[in-house]
Amino acid sequence: MSKRSASCQFCFRYIFLYLFSKDSPFNFNPRGVQLLEELVIAVLPGICSESDNNFKTICFILFSFYEIFFRDLEKSVHVLSSRTRNKSSACKLNLDQRVLPKMHSSLKASFKFMSNRQNLFSSYFLRFLRSITLWHTSSLWNYAVAFLFNYVDCRSINLYFSNYPKTLKKNKKSHLKYPREIYSLLFQTTNYLLKMDIKMTLQVFTKINLKNSHMNLGDFEEMSRKLENVHFSENIGKTIVKNPKTHINKIILVLKKSLPFCSISQEYSIFKLTYLNSECSKRIRPPIIKRILMKDRLDKKHRKALWKLLSEVSALCKSPSNFSQQRRNE
Amino acid sequence: MTDLHSSPEKLIKLDCRRTGFCNYFQSDLEQLLQEVARKFPKTGYYQGMNCIGGFLLKYTSDYQFSLKVFNFLMEKRLETYFSDNFKNLKQLLFVSEKIFELYTHNIHAQFKSKDIGTEYFMSPIVLTLFTQSLQFIENFQLVATIIDIVIAEGWIGFFKVLVVIVQKVENKAVKLDYDELLGYLTKEIFEDLITLNFGSLKHEISKLTIPKGLLTGLGTQYEDTTVIIDNYWVSFYEKRRPSTFHPSKLN
Numbered sequence: 000m001s002k003r004s005a006s007c008q009f010c011f012r013y014i015f016l017y018l019f020s021k022d023s024p025f026n027f028n029p030r031g032v033q034l035l036e037e038l039v040i041a042v043l044p045g046i047c048s049e050s051d052n053n054f055k056t057i058c059f060i061l062f063s064f065y066e067i068f069f070r071d072l073e074k075s076v077h078v079l080s081s082r083t084r085n086k087s088s089a090c091k092l093n094l095d096q097r098v099l100p101k102m103h104s105s106l107k108a109s110f111k112f113m114s115n116r117q118n119l120f121s122s123y124f125l126r127f128l129r130s131i132t133l134w135h136t137s138s139l140w141n142y143a144v145a146f147l148f149n150y151v152d153c154r155s156i157n158l159y160f161s162n163y164p165k166t167l168k169k170n171k172k173s174h175l176k177y178p179r180e181i182y183s184l185l186f187q188t189t190n191y192l193l194k195m196d197i198k199m200t201l202q203v204f205t206k207i208n209l210k211n212s213h214m215n216l217g218d219f220e221e222m223s224r225k226l227e228n229v230h231f232s233e234n235i236g237k238t239i240v241k242n243p244k245t246h247i248n249k250i251i252l253v254l255k256k257s258l259p260f261c262s263i264s265q266e267y268s269i270f271k272l273t274y275l276n277s278e279c280s281k282r283i284r285p286p287i288i289k290r291i292l293m294k295d296r297l298d299k300k301h302r303k304a305l306w307k308l309l310s311e312v313s314a315l316c317k318s319p320s321n322f323s324q325q326r327r328n329e
Numbered sequence: 000m001t002d003l004h005s006s007p008e009k010l011i012k013l014d015c016r017r018t019g020f021c022n023y024f025q026s027d028l029e030q031l032l033q034e035v036a037r038k039f040p041k042t043g044y045y046q047g048m049n050c051i052g053g054f055l056l057k058y059t060s061d062y063q064f065s066l067k068v069f070n071f072l073m074e075k076r077l078e079t080y081f082s083d084n085f086k087n088l089k090q091l092l093f094v095s096e097k098i099f100e101l102y103t104h105n106i107h108a109q110f111k112s113k114d115i116g117t118e119y120f121m122s123p124i125v126l127t128l129f130t131q132s133l134q135f136i137e138n139f140q141l142v143a144t145i146i147d148i149v150i151a152e153g154w155i156g157f158f159k160v161l162v163v164i165v166q167k168v169e170n171k172a173v174k175l176d177y178d179e180l181l182g183y184l185t186k187e188i189f190e191d192l193i194t195l196n197f198g199s200l201k202h203e204i205s206k207l208t209i210p211k212g213l214l215t216g217l218g219t220q221y222e223d224t225t226v227i228i229d230n231y232w233v234s235f236y237e238k239r240r241p242s243t244f245h246p247s248k249l250n
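From first to last, the protein sequence lines stand for chains A and B. Position one of the first sequence corresponds to residue 0 (numbering that gives the first Met the number 0), numbered consecutively onward. Position one of the second sequence corresponds to residue 0 (numbering that gives the first Met the number 0), numbered consecutively onward.
If you're looking for bench data, these hints aren't it; they were derived computationally from the structure. Please note that the accuracy of each hint is not assured.
Not close to chain A: a few residues of chain B, all C-beta gaps over 10 Å, as computed [as the list claims (entries may be wrong)]:
{"id": "1", "residue": "Lys41"}
{"id": "2", "residue": "Gly216"}
{"id": "3", "residue": "Thr219"}
Some chain A residues near chain B, calculated using beta-carbon distances under 7 Å [what the hints assert, rightly or not]:
{"id": "4", "residue": "Leu292"}
{"id": "5", "residue": "Met293"}
{"id": "6", "residue": "Asp295"}
{"id": "7", "residue": "Trp306"}
{"id": "8", "residue": "Ser313"}
Cβ-Cβ distance ranges computed for the label pairs, FRET-style [claimed, not checked]:
{"id": "9", "chain 1": "A", "residue 1": "Asp298", "chain 2": "B", "residue 2": "Ser112", "range": "36 to 46 Å"}
{"id": "10", "chain 1": "A", "residue 1": "Lys300", "chain 2": "B", "residue 2": "Leu213", "range": "33 to 43 Å"}
{"id": "11", "chain 1": "A", "residue 1": "Glu311", "chain 2": "B", "residue 2": "Lys89", "range": "25 to 35 Å"}
{"id": "12", "chain 1": "B", "residue 1": "Trp232", "chain 2": "A", "residue 2": "Leu308", "range": "44 to 54 Å"}
{"id": "13", "chain 1": "A", "residue 1": "Asp298", "chain 2": "B", "residue 2": "Tyr236", "range": "57 to 67 Å"}
Just so you know, these numbers come straight off a predicted model, no measurement behind them. The C-beta atom is built at its ideal place from N, Cα and C for all residues, glycine as well.
Could you put the whole structure together from the sequences, leaning on the hints where they help?
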């Protein structure tokens, strides 16, 4: 795997996480998602054709996109409370219709690629779920839970992945290789973040399990009892929500490391993304501006813009209270 | 020569009149320098700031913008070496001489043989970040490129620019005699920079590596040397000091 594709992998994975864990007023900012969309469209075909090592990235990108763009959230959320439904519908994105066909063709190629690797798919799906636990805003949890409900509950969607190449007739079973962990995560999310009633949650999940027979009934009841106990313990919040500050540090580190391998357009895109988060903006923008400044044949107009930005970021870093004001102006 | 005890306002006025390439912005330049000097009291105003300010005003044609960039340069680059009455300037010159010795060996040997100190031509370049060259020739594009490098890479970038430029003119400079070389270094070198192809200065800079560790090492070497010299002079004056009266000696 080339350095470039490795850095792109990290970059995209962390950009997604970054988008999902950023400042609350910008959750699912359409502008940011649109940028990501363009980035992924440009890079996804290249990643698919390179090597199997990129499988993890593809999974991550696909699931994220699948969740964001291709789920009918209204249908899946009906099992949840009315409060939840209102929140999730408020988070709907405006998808650029010109981009959608391109996305579809890229995704089709990638699904084909994924469906040939059934074993890996399951383990990566679990990792994906674990990564979801890093998201920490309630609207995001609505999305995540809606996605999970759909995945666990809807057999046709389960089969979508395994059925994709019609020649592949084996493995029509559910991909839930780790049902215990997945159900545990689902319980935690619904209880802790959606503040749903524990009894109602258990009812919903029991119903889903009965329908799909992911786990046998005895095991499921035992797990439910344990989870019920955990629900009333004090530490539950700490186990789910990791420290977002550490998380952002990681993202910044990875973005910085990715920069030398990015093209100018990718750098500009990352640069624009940094507007979404104050911490990232302070720490990522100066190195990007500096890298662009060192490019050959910089015209006067661009040079002046970069000097201005850099001096403004520097001044803002000294007085963080100005940041929100500047962001409002932008 | 300017009177060292003149007030900063007087100095600024005088220097603004001398900044020939910035005639149209003289009052703006005065105000800009005074504002910057007020904002950075540790550095205040020094001769050379007028060239940087003049360049920024003329290149950007915008007072507020120039002020922002100047403040940025002062805070991030210039104040490190020029604050507290040029406390660290000697260190900067020492480091640059050593870098010359390492990267442009021929011309350094020529300077040494003719007994010309590198600080002779280095000081104005360092203090003005090459903007004083605009007094002789209007090469705004090149100076802007150099400022880009200083902003992006800091003093390492500046040293790289110096090395690349000196390497370009090395062949010519080595052939000159003492007087010609002095004249060349103060004026003609800047004219040559235009005739030489500097379209890809940034590209050439990127090929040159000056490790950060080298600068730190040279900085430490300078500090160690200063300590040794200071100790030498302290002991020298201690020895020469007349013995003082002590009551115990009476017994």
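Status of each hint after checking the structure:
no.	hint	verdict
1	Lys41	holds, 16 Å
2	Gly216	holds, 24 Å
3	Thr219	holds, 26 Å
4	Leu292	holds, 4 Å
5	Met293	holds, 5 Å
6	Asp295	holds, 5 Å
7	Trp306	holds, 5 Å
8	Ser313	holds, 5 Å
9	A:Asp298 with B:Ser112: 36 to 46 Å	holds, 44 Å
10	A:Lys300 with B:Leu213: 33 to 43 Å	holds, 36 Å
11	A:Glu311 with B:Lys89: 25 to 35 Å	holds, 34 Å
12	B:Trp232 with A:Leu308: 44 to 54 Å	holds, 49 Å
13	A:Asp298 with B:Tyr236: 57 to 67 Å	holds, 59 Å
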